[in-house]
Amino acid sequence: MNDSTALSPKAAVDPVTLEIVKGALRAAQAETEALLERTAMSDVIREKKDFFTAFFDPAGALVSGTPIPIFGHILPPILERYPPETMRPGDIYWYNDCYGSAGAVSHLNDQVFVAPVFAEGKLSGFAHSWAHFTDIGGMQPGSMSPKATDIFQEGLMVPPVRLYREGVLNDELFRIFARNTRFPDKLRGDTRALTAAVRLGERRLCELFARFGRAVILAAFEMLNRQTEAAVRSKLRALFPPGTHRFADVIESDGLGNGPFTIRIAMEVGGNHIAFDAMETDDAAPGPINWLVNPAVPRMIFGLFFLGDDRSLLVNEGAMRAIDEVRLRPGSLLQPRFPAPLGQRGLTLVRVVNMCSGVMNAATGGKANAGGSSYAIWSLRNADPAAAPFFMNDGVAVGFGARPYGDGHDAVYFVAQENNPAEYLAQLYPVRLLRYAIRCDSGGPGRWRGGCGVVREIEWLGEDALLATRLDGTKAPPWGVAGGKAGRPGRILLNPGRADERVLAPLGDGVRVRKGDILRIETTGGGGFGHPFDREAERVRQDVLAGFVSPAEARGEYGVVLSDDGRTIDREATRRRRARRFPTKLFHRGRYRDAMS
Amino acid sequence: MDQNRIADAVAIDIGGTFTDVTLLDRRTGRVWNAKTPSTPDDPSDGFMAGIEQALALAGLAPDALGYVFHGTTVATNLILEGKGAKAALLTTEGFRHVLEIGRHDIPRKANMYSWVKPKRPVPPERIYEIAGRLDPDGGEVTPLDEAAVRAAAAAVAAEGVEAVAICFLHAYADPRHERRAREILQESLPHIPVSLSSEVLPVFREYERSMATILNVYVMPKVSTYVGRLEGRLAERRIPGRLLLMKSNGGVTGADTIRTQPVQTALSGPAAGVMGAVFAGELAGFRNLITIDIGGTSADICLVKDGEPGMTNEGRIGDWPLQVPMIDINTIGAGGGSIARVSEAGALTVGPDSAGAVPGPACYGRGGTEPTATDANLALGRLTPALLDGRMALDAAAAKRAVAERVARPLGLTPAEAARGILAILDSNMVGAIRVVSVERGHDPRDYVLLPFGGAGPLHGASLARLLGIKTMLVPPAPGVLSALGLLVSSLKAEFARTALQRPPHYDLAAMGRIFAELQEQAAQWLEHEGVPEGGCAIRWQASLRYLHQGFELTVPWAGEAATAEAAEATIAAFHRLHERLYTFSQEDTPVEIVTLRVSATGTLPRPAIREWPRGGAAADAVIGRQEADLDGTLRSCPVYDRARLGAGAKLRGPAIIRQLDTTTLLFPGQIAEVERYGSLVVVEA
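Residue numbers (numbering that gives the first Met the number 0), protein chains in the order written: chain A, 0 to 596; chain B, 0 to 685.
Check each hint, because a few of them may be wrong.
Said to hold, decoys possible - Derived Cβ-Cβ restraints for the label pairs, each shown as a range: (1) A/Tyr404 x B/Asp318: 30 to 36 angstroms; (2) A/Asp499 x B/Asp318: 39 to 45 angstroms; (3) A/Ala572 x B/Gln185: 37 to 43 angstroms; (4) B/Arg513 x A/Gly515: 55 to 61 angstroms; (5) A/Pro158 x B/Asp134: 30 to 36 angstroms; (6) A/Ala386 x B/Ala561: 34 to 40 angstroms; (7) B/Ala154 x A/Glu458: 24 to 30 angstroms; (8) B/Gln519 x A/Thr567: 34 to 40 angstroms; (9) A/Glu165 x B/Lys650: 48 to 54 angstroms; (10) B/Arg228 x A/Lys366: 28 to 34 angstroms; (11) A/Ala386 x B/Asp134: 46 to 52 angstroms.
Since the hints were made in silico from the structure, they are not lab data. Every value quoted in this text rests on a predicted model; they were computed, and no experiment measured them. Ideal Cβ positions, reconstructed from N, Cα and C, are used throughout, including at glycine.
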């Protein structure tokens, strides 16, 4: 710091320095993510943006992370194999081993890269980045299949290894990795991008240490954690009354015809102790919907909810400290035993994220968000194993749950991840996107409407291909709360409206698609919040005009009667309908119910 | 051309509060500045009042004006405030919700629970689906459904729509469906403006192209009316000068072009400022600059290399992508009015919330109680207790009180520590934003000259330069009216682009040659239409490239003006080098795709003469007082200089406060300033 900004030292780190460090960490993270996004080659990274970066302190505590609850404690598996005293500047450590990291990384496609950061000759922190690589071997292009029966089919497992030693690539290791993918060019490009990103993060953290000194920065890291922790803890305490609050929900299928699988969570709130308990969850599935939960992740789900949009706080270890204990049962869906398959864990993960809102509603009588759907994915690959391999992976948006203060998000996938533009798909694959629209009436009715899903319809123009699908909420759609109703279940159709029309399994693989076939996915909507009759009639009218709600549903669900052209509200008829207000209970799925259990 | 015989030019920059007008005698370089209140209800009133005032000052008749340059925020404000036209969109069948769905993301930095989706500029009920399909090469898959276009025309008429955008899939490859649809619309709706995506932004990615086309028509009626009124009033006063408007790309263009491409003015105001900074830098002999325009609410930052501002094809305005070529300006919520707050968790934040002009900083005495950056500066004695040459008194006690009560007390700091802390955080935020355009683009800020301008720029420049390790700072003579200078010396500029994906190893050089030739023809026609004198025309070819499988392109100059294998190879080599500079690595073993071809046209106007700054006596003669200032943790007596009395060649040492009508410049101990021959202060470390 220069003279003009010097302050007298009072605390270990004064509030001004603390804020400057915070800003520098945020900026460094944004910069490394931009680098990765712009240089990566897998469409999963570059268009779908399936990547994040973070910084850790020398003990492995998260200093600045991203607002997405997927990753657990990244460092312990590396530090176990490579003690800090063996690390040197220029090293990069790498793994994707889910079971070897206690679920810190939760499916094999996500590659974790970590660079140690040295200051004043001592290990002082870590720069980290992960990204989803398109293909890392396994049973078929894309590595994951809803039909997988063990993790060996889901790609090459990489335990914590040292990819770079003092700046020198372990070429032999890398050649083994590159030999195990169907798309070596993309993998090489993605590896370069990820390497450049952690190197950049390392450099930025070094600059920060050089500017303020190691002791100040390390003290700042801890203070930033405490700042976040204090905020999250007090908000969590304020929301949850003492006692045990329960919520249960199901995953419909495991891709192999088994299911449903019930997840049961409980929040035990005592005087000085808050525990998250999922011990009563069903056993692990034979199929790949298992989610190996790192205890840090449920902690982070609550942390993020309570951080909200407070931009003065970082997403860090402190966000994970609001919950004192996480209990998981080995052998359950949330703690499967090796080598159970994990590739489709996203379904279960997003379901648990929503269940955390559910348990907050159970505890408060309906003061949190309604249920939302897990993002949908479908992919097409060459049917002829001898043909040049291709893999088209297409993420599809869904509806999120309504909130106590607003509608659920319409047509979103997840944080930061973007769709494949129609014009982009057409340049790269033999496919024509015929329709991409908001799915009318898919959002759960409510004072605040659940987010709408989408309809996405494609015509296949290439040689025979095999389709894999993943769609959530086709039988047990996202629940409504506080009088709001459930979202509409999704479905996937082959050749809709033709003689050979058929409904496809929501989680499945191996459907043969021929030239001229039409595929349509109609994704699930989010649950509503509050009594639908309390929604302003004008808002309902606008939803009808925009094609989000049909006139029939406006009348039937919302009690809003519109003129024949749908443009004006019949006030008197609306008043009459709304006078016959139906009774509600706390939750809704299919019918109103007092609890989800 | 005739206009060259008419020597005088006038530039009008309309801000939120004041309209600044600068009149320049292009032969002698003599300048007259006028300032009138802005007239938001009809900005042409302030526009003309300013011109009249400037003509009176100069003692000139209206027929002396050969050029009328104008930077406008009309389009910017319409977009940011969501107050554009009632517009409609014709889209390909099946894509009615193209805007609603967008890229289906929750923004990366948003919290997924609390994020709120922004309202689109056109609601789905005014988006009409039209059957008809092209493939990515422009081949017709399904013919245009002309009956559907007619039905849409009828609906548009019934709805009272004011402007229509047309964006069909793959129209970047072939505009025929869009053009036919426009013909049909115009048969029944001859008076409703229509924009085609193939003319506004013929590059792939349908959401971004739709949004650019929509924003174009969204601002079109009001911008057209506005431009028409300006022309009418100029004609009324018999001002022969042509009206030229600043675009986001830093060049000007005639009113005709703006009528069809009004969205090109989305960043007109900030672009004019950057061009003024470029010119001030050139006069002082500096061509590598980091410019920072600090106002009350925000700071606009731009990097200038070799006299050319950085450009981007991936800009944004408000919540929307706007991928037309524009100066790469990074804007952050940091300015004199930025509010300092202590959160419940004990975090001290400065901005992005701003006290604005009303209530303004606590020291303005207009009801503001929260401390701002201006209050912190005043509390530390870095500002004099009066602004605008004494016409505006500041309440130092109120500033100190706000800082003490709202920041110092909750954090347990002394008032001076709190004030320094507020400024340190603000500076740090700006340093972060400067790094985005410098370090993150592969440029070392230490190789650049910092050029601060705007009302609050020169107050923060010295500390920013030190934080960045920048050795030289340049403060232009009138930092508050730099935009006007930028307008007066501007050139005509336009870009023409088309996506034409070329995959290695078989680049279709013949096809690329044809597209380049078409773009070149468009560029030449535009230059002719704008009446640019022969010698002033320059046309440059560029291409946007990416590694096979990458999702983002980098734009590099095309090597030469022929689509040959050698030129392609040299262009690709330049791409590798740029990738290395921007992203720290290149991949020469990886094939490169040529995605979009671009041709840019520049029409340079005859350069005006610029007057040298009068020489004066010793700097000590310009001292108009002294005050106690805290620049580095200790209070010391600091001389206050009157900038107007500092002649060329004057030298002074920090600490110093240099006051002028439109800004205050601060020098720290150890910094030395010298007035160069055109009046800028060149500040270096001793």
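Evaluation of the provided hints:
The beta-carbon spacing between A/Tyr404 and B/Asp318, approximately 20 angstroms, falls outside the hinted interval of 30 to 36 angstroms. Distance hint check for A/Asp499 and B/Asp318: the Cβ-Cβ separation is about 43 angstroms, which falls inside the suggested range of 39 to 45 angstroms. A/Ala572 and B/Gln185 have their C-beta atoms about 42 angstroms apart, which keeps the hinted 37 to 43 angstroms range intact. Checked against the given bound of 55 to 61 angstroms, the beta carbons of B/Arg513 and A/Gly515, roughly 33 angstroms apart, lie outside it.
Checking the proposed 30 to 36 angstroms range against A/Pro158 and B/Asp134 shows it is violated: the Cβ atoms sit about 47 angstroms from each other. For the pair A/Ala386 and B/Ala561, the beta carbons lie near 39 angstroms from each other, so the given range of 34 to 40 angstroms is met. For the pair B/Ala154 and A/Glu458, the supplied restraint of 24 to 30 angstroms holds, since their beta-carbon distance comes to about 28 angstroms. Remark: the range hint 34 to 40 angstroms for B/Gln519 to A/Thr567 is contradicted by a beta-carbon distance near 54 angstroms.
A beta carbon spacing of about 50 angstroms between A/Glu165 and B/Lys650 agrees with the range 48 to 54 angstroms that was offered as a hint. For the hinted restraint 28 to 34 angstroms between B/Arg228 and A/Lys366, the CB-CB distance of approximately 53 angstroms leaves it violated. For A/Ala386 and B/Asp134, the Cβ-Cβ distance of about 22 angstroms falls outside the hinted range of 46 to 52 angstroms, so the restraint is violated.
Violated hints, listed in ascending order, are 1, 4, 5, 8, 10 and 11; each of the other numbered hints is respected by the structure.
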